[in-house]
Amino acid sequence: MKNLLDIEAMSIEEIETVLEKADFYKKALQDKKVPQILSDKIILNMFFEHSTRTLTSFQMAAYRLGAKVVNWEPSSSSLSKGETFSDTIRCVSGYDPDAIVMRHSEFKAPYTVQRLVECPVINAGDGWRAHPSQALLDAYTINALKGQVSGLRVAICGDVAHSRTANSNIVLLGKMGAEIHIIAPPAFLPDISKYNHVKTFDTWEEGLNGCDVVMTLRNQKERLELADIPDDVEFFHTYGLTQERLSYAKENAIVMDPGPFVRNVQIADDVVDDPVKSKIFEQMANGLPVRMAIFDLISSGGI
Numbered sequence: 003m004k005n006l007l008d009i010e011a012m013s014i015e016e017i018e019t020v021l022e023k024a025d026f027y028k029k030a031l032q033d034k035k036v037p038q039i040l041s042d043k044i045i046l047n048m049f050f051e052h053s054t055r056t057l058t059s060f061q062m063a064a065y066r067l068g069a070k071v072v073n074w075e076p077s078s079s080s081l082s083k084g085e086t087f088s089d090t091i092r093c094v095s096g097y098d099p100d101a102i103v104m105r106h107s108e109f110k111a112p113y114t115v116q117r118l119v120e121c122p123v124i125n126a127g128d129g130w131r132a133h134p135s136q137a138l139l140d141a142y143t144i145n146a147l148k149g150q151v152s153g154l155r156v157a158i159c160g161d162v163a164h165s166r167t168a169n170s171n172i173v174l175l176g177k178m179g180a181e182i183h184i185i186a187p188p189a190f191l192p193d194i195s196k197y198n199h200v201k202t203f204d205t206w207e208e209g210l211n212g213c214d215v216v217m218t219l220r221n222q223k224e225r226l227e228l229a230d231i232p233d234d235v236e237f238f239h240t241y242g243l244t245q246e247r248l249s250y251a252k253e254n255a256i257v258m259d260p261g262p263f264v265r266n267v268q269i270a271d272d273v274v275d276d277p278v279k280s281k282i283f284e285q286m287a288n289g290l291p292v293r294m295a296i297f298d299l300i301s302s303g304g305i
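What the sequence shown shows, in the numbering used here, is residues 3 to 305, in sequence order.
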């Protein structure tokens with residue numbers, strides 16, 4: 003793979019290569035011995051949507067590997083003057099970046115970019131369809147904390163239907179041999195007809211039974227019609243993850259969330275801050291070595 007556009011296109015061997023390389027970079031960061039393999043490269047970040055974790059960790063990953071980074075801002079670009087998306091991409095491609103990291107609200111926008119440029123393209127999230135690097139860092143976190151992904155039962159709770167992270171995780175964790183339980187209100191349930199490893203539940207007791215990992219998701223309000231946005235208090239009362247509900251999972255279950263999380267809507271304060279079960283901030287930190295691994299593998303000829 004010379005680009006990272008989707009989890010579906012990755013073989014299990016390619017996924018394992020990314021996770022192994024991320025292990026290398028996590029240790030290199032701890033030892034402060036990071037090889038400057040991108041010292042002659044320029045990375046172009048093109049984020050058409052707001053981001054904290056993904057944008058910052060891609061920036062930090064590039065800097066740690068010695069690259070120079072250009073952050074393109076849509077609000078100050080010629081798109082505001084009527085320039086088309088494809089013409090903008092052709093323009094920046096002419097400046098010869100060594101890789102483009104792209105986030106966009108449109109379905110498969112990074113695929114459009116990939117057809118217009120010569121350099122590798124990394125999908126940092128498109129619409130509610132896919133977020134491959136997030137799924138890779140989630141799998142890396144689970145593997146690091148549980149020793150494996152195969153055979154585990156992972157619950158994904160909340161607005162799964164509109165979550166690009168959930169979509170990519172369902173595919174990736176399934177490829178790695180996990181069973182997925184989805185706990186969500188009917189309006190937030192995805193179509194799972196093409197998956198054999200996914201089950202849906204409308205009660206916490208059944209859905210969390212035997213789960214090793216519990217992953218919560220925020221309500222994707224920016225992708226919902228106003229009438230479809232649930233009341234925060236009512237949603238928490240019925241579908242928020244509390245300590246009581248978490249007790250239905252395995253005793254040694256871990257809690258994850260890709261962020262941003264909304265306290266006391268999708269997840270209770272005392273679950274976020276649980277010193278034993280909550281691995282949310284460790285999960286976020288793992289975005290750095292995983293994205294360093296992605297840059298390394300793509301810049302060296304492909305994952």
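Please note that the accuracy of each hint is not assured.
Computed cross-link-like contacts, DSSO-like style, restricted to lysine-lysine with a CA-CA straight-line distance of at most 30 angstroms [unchecked claim]:
#1 K23 <-> K83
#2 K34 <-> K281
#3 K28 <-> K83
#4 K29 <-> K201
#5 K43 <-> K29
#6 K28 <-> K70
#7 K83 <-> K148
#8 K34 <-> K4
#9 K148 <-> K252
#10 K281 <-> K148
#11 K148 <-> K29
#12 K83 <-> K110
#13 K110 <-> K35
#14 K43 <-> K110
#15 K110 <-> K34
#16 K28 <-> K279
#17 K148 <-> K177
#18 K252 <-> K279
#19 K70 <-> K35
#20 K4 <-> K35
To be clear, the hints were calculated from the coordinates, so they are not data collected in a lab.
Self-check item: In rising order, the numbers of the hints this structure does not comply with
Solution: Numbers 1, 3, 4, 7, 13, 15 - these are the hints that the structure violates, sorted from lowest upward.
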